Amino acid sequence: MDVTEMKNTVREFILAEFLPGESSANLKDDTPLRTSGVLDSMATLKLVSFVEDKFGIEVEAHEAGVENFDRISDIAALIERKKGA
Amino acid sequence: MSTEREELIRAALEFGRRAFPEDRPTGEAEGEFNRAGWKQLAEFGLFGMPVPASHGGLGLGLGDVIAVMETLGYAIADQGLLFSANAHLWTNVIPVLIYGTAEQKQEYLPRMASGEWIGANAGSEPDAGSDIFAMRTRAVKTATSYVLNGTKTFCTNAQVADVFVAYATLDPALGPMGITSFVVPRSTPGVTVGKHIDKMGLRTSPMGEVIFEDCEIPLANRLGREGRGAQVFECAMEWERGCILANCLGVMRRQLEKAIAHCQTRKQFGKSIGKFQSVANRIVDMKLRLETCRPLVRRIGELKDSGKAADLEAAMAKLYVSECYVKSSLDLIQLFGGYGYTTEQGVERDLRDAVGSTLYSGTSEIQRNIIAKCLGL
Ligand SMILES: Cc1cc2nc3c(=O)[nH]c(=O)nc-3n(C[C@H](O)[C@H](O)[C@H](O)COP(=O)(O)OP(=O)(O)OC[C@H]3O[C@@H](n4cnc5c(N)ncnc54)[C@H](O)[C@@H]3O)c2cc1C
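Protein sequences appear in the order of chains A and B.
For the first sequence, position 33 matches number 33 in the numbering used here, and the numbering has no gaps at all.
For the second sequence, position 199 matches number 199 in the numbering used here, and the numbering has no gaps at all.
If you're looking for bench data, these hints aren't it; they were derived computationally from the structure.
All of these numbers come straight from a predicted model, not from anything done at the bench.
Treat the hints with caution; some may be incorrect.
[To be verified] Below, in silico cross-link-like pairs of lysine to aspartate or glutamate (DMTMM-like), each with a Cα-Cα straight-line distance of 25 Å or less:
#, chain 1, residue 1, chain 2, residue 2
1, B, 308, A, 70
2, A, 83, A, 70
3, B, 373, A, 40
4, A, 46, B, 226
5, B, 373, A, 30
6, B, 258, B, 344
7, A, 46, B, 131
[As the list claims (entries may be wrong)] So the derived list for chain A, only partly shown, Cβ under 10 Å to chain B, looks like this:
#, residue
8, 21
9, 56
10, 57
11, 58
12, 62
13, 64
Where a beta carbon is used, it is the ideal one built from N, C-alpha and C, also for glycine.
With the hints as constraints, model all of the structure from the sequences given.
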């Protein structure tokens, strides 16, 4: 899966789970998720579990903060790093 | 409905009526746990119903278990005992079944499924109720164990429990991602069951504090991944919210039958009170509530049996059924007049039991918050 597909998979999950009815055009790669309140801590946990299952990686608790989970591009970068590691 | 499920319902009804004859006192006033009743439920196989045969259970689908629970709620007056059974099933048996390692399942499930061991959920704390993941009970990891320190409250079954599924945080700064869950046998040094908490209803279901004081839990007793206890908790709550009110459907059915019988026989102004429209309307509302509640609970069985998530549906069922249960209980008292308010008729007991249902497993307000969130609000 390339980075664009990765981002779209994450985007679709966020839209379906946390932003039902929202157009995908409004959820850009750099739209803030945690700092804007789209994702609270429980929603982040759900997203982390999804990312782990979907991409076969393990995210540690300290890696689930704003630095890796505030934007789709950050999430994709984390997945890439983990998969490359 | 399949013939197997019909057969199961018949068996549950026959068992409930035989093992718990209505005139037998159940220690309500004294707040006594009915241990003999627990054993009978165990012998009937209730605690192993959702557990696969390989772990000592009957391997039934959730739809079947819900049907049995509804029937037992109808047949058995002691809702406190059934509440204890629910707490054991949904907050202990199910999390171990879903998140347990092979060793944990082998060690705990047969004892939980047979009812030999009673489980309790140690989640809530004095300052962490609705905001459960603000819990302060700490888990400090060492080379061989986790050391727990903290006080839990509102633990159903605490006094009679043999095992706790307990939650603690590794670091409060991590929020829900710091929560970790554990299976803690009561015999573990450092576990104390604190004071008994007296309640207005469900009085035969014990409730107490559980204190962990330098309680060393082997690494092997962690349930699920480190930092994923919030997931275990949410999973237990999804099952509990969805299923715990199945009994109450049975109670609402019993209340409806009682209401009809009473209003057909009680005469005022020369005719049965059921002939007064405002009285009949109250019974019509009771019937409507029962019929609209049932599909919400049964839907949880269908969803879970097909491996689907039911967060939204469980919250809707919990909210709607609990609120209807309270209304139905108030209606029955009103229909019985002054007799409904006396303790002799056993009618007021239902109301005291029902009020708790809008609080446990997340209050009505919290269910509304969950539903709103699922709707994207
Ligand atoms: C019969 C019974 C059995 C129980 N068994 C167990 C058990 O086995 N294990 C266990 O761990 N716990 C158990 N509990 C505890 C139960 O889960 C809590 O009581 C419940 O979650 C509410 O927490 P609280 O009592 O601290 O109330 P609080 O959280 O202090 O709430 C007080 C009021 O504020 C409202 N409120 C709080 N936050 C919000 C919000 N965000 N939005 C809107 N309203 C809000 C609540 O709805 C409520 O009306 C049990 C409770 C009862 C009544």
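Hinted pair, alpha-carbon criterion (25 Å max): residue 46 (chain A), residue 131 (chain B). Please report holds or violated. 17 Å, holds
Decide if the proposed pair is consistent with the structure: residue 46 (chain A) and residue 226 (chain B), CA atoms, cutoff 25 Å inclusive. It holds: about 15 Å lies between the C-alpha atoms, which stays within 25 Å.
Is residue 373 (chain B) close enough to residue 40 (chain A), meaning Cα to Cα at most 25 Å? 11 Å, holds
Does residue 30 (chain A) lie within 25 Å of residue 373 (chain B) when you go C-alpha to C-alpha? OK: residue 373 (chain B) and residue 30 (chain A) at ~23 Å, within 25 Å.
Can you verify the interface hint for residue 64 (chain A): is its Cβ closer than 10 Å to any Cβ in chain B? With Cβ-Cβ at 5 Å, under 10 Å, it holds.
Residue 56 (chain A) as an interface hint toward chain B, with CB separation required under 10 Å: 15 Å, violated
Closest C-beta approach of residue 57 (chain A) to chain B relative to 10 Å, hint status: 13 Å, violated
Take the C-alpha atoms of residue 83 (chain A) and residue 70 (chain A), compute the straight-line distance between them, and say whether it is at most 25 Å. This hinted pair holds, its Cα atoms lying about 20 Å apart.
Satisfaction of hint between residue 344 (chain B) and residue 258 (chain B), Cα-Cα up to 25 Å: 15 Å, holds
For the restraint on residue 58 (chain A), tell me whether the closest CB of chain B is nearer than 10 Å. 8 Å, holds
Restraint satisfaction for residue 21 (chain A) [CB to CB of chain B, less than 10 Å]: 6 Å, holds
Please verify whether residue 308 (chain B) and residue 70 (chain A) have alpha carbons no more than 25 Å apart. 28 Å, violated
Going down the numbered hints, you'll see the structure goes against 1, 9 and 10, while the others check out.
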